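**Q** Kindly produce the complete structure, drawing on both the sequences and the hints.
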Amino acid sequence: MLPADSGLESAPPRSSDRDTLAFRAAKRPIVHRTPRRLGSDVTAATVARVGWAAATPSKRSFASAPSTSATTRAPRSGPPERRTGSDTRTSRDSLDVAEGARASAGTRGSARRCRVPVTTSVVVPVYNDPDGLSTTVESLLAQDTDDYEVVVADNGSTDETAALAAEFADTEPRVRRVVEDDVQGSYAARNAGIEAAEGDVVAFVDADMWVERDYVRGVTRATAERDYVGCRVELVAEDGTVARYRRASGFPIEQYVEEHGFAPTCCLVVTRRLLDEVGDFDARLVSNGDLEFGRRARRAGFALAYEPDVTMYHPARSTLRDVLSQNYRIGRGREQLRHYHGERFDVRPLADPRNVLPVHPGRFRDSLDAPAARRRDLLVWYGIACLQKWARTAGTFAQRRAETPHAEGYDAD
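Adding 12 to a residue's 1-based position in the sequence shown gives its number in our numbering.
Incorrect hints may appear among the rest.
What the hints assert, rightly or not - Pairwise CB distance ranges, derived in the manner of DEER restraints: (1) 159 x 315: 17 to 27 Å; (2) 251 x 315: 16 to 26 Å; (3) 289 x 358: 18 to 28 Å; (4) 129 x 385: 28 to 38 Å; (5) 334 x 378: 19 to 29 Å; (6) 410 x 129: 43 to 53 Å; (7) 369 x 182: 50 to 60 Å; (8) 378 x 251: 24 to 34 Å.
The set of hints was computed from the structure by calculation and includes no laboratory data. These figures come from a predicted structure and were not determined experimentally. C-beta: ideal position from N, C-alpha, C; glycine also.
**A** This is how it looks when you write it as structure tokens:
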């Protein structure tokens, strides 16, 4: 993501017909679903999504994930071959992303094709988040169309997430599982999902998000004449100072698309044609991979469009620790952009005093969608915004001092 005063150059605005629908559209009921029972020793709670109410899926107890036999594959280059299988294990080399090249080498497990006809593939990267995975997959299984698949890209989870993903793949005809346990990072997991995907449309949804019943139909329609769209995202905030701040600061996808030329991966939809020409995500990046992908796609001549008619829901971070940790990773990713793609990104020098100055109060106030916010809340939120900026600077500094330019870490955002 590209927060205010991020230290990255803003792309020049692209002329386009901007949709007049306000970003903050009316809230609608989302999903009503009772999940199936997962295994003989599992009690699945009822998950209901009504308006903004978000039920919390119950914790589950699973046996260890089933073992996977492996076969060795030779490295490949060029467009991705259509992978198959409900449980596919992958190991990928670093990508020469600047040239849009693809190469991977590693081991793959026994495979099967999706058991239903597929037009659209929805890739769900996940690491150690069973409740989030359950929430996302259950909403995707409640769609009002049938010609799609869900590819769960497990980034080597060490908890019950692995068994839950395997259970979904074993019991649901349209769910498949791929495991990326060689490279730790959400972009590596997404790349594994891309390779496994069979659809001509590939959509990305982070584990812990949920979507409306017409999501798949909407993204398929949105890419009928376009290769590349970013969907509307609503933040769902719990009570608390940090959560209210995150809700007020919003998730301005339209601004990212129109002013910065990218869409966050959590709401990104692309066609296979674009992926074949542009390549996968740069798995070396711990953050800002969505920005790098967007710039690369634009250089290849693909125009990104904002799709306000497809709404997704994202829980807001609710603790200061989580917010600062996210911004620290953004700072690290910013330095990685400079290292790997400096010719395409004007990254602010680390010695620039603007990196440590407080956030500009006027720009901060303009960035909020909280006209009725109390003065006390505004003061606290301003303090959080300054801490976010300094966390990004600290992350950039730490990455600059790192012995290796790339860093492992899973951050779905």
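**Q** Under the constraints set out in the numbered hints, which ones does this structure not fulfil?
**A** 2, 4
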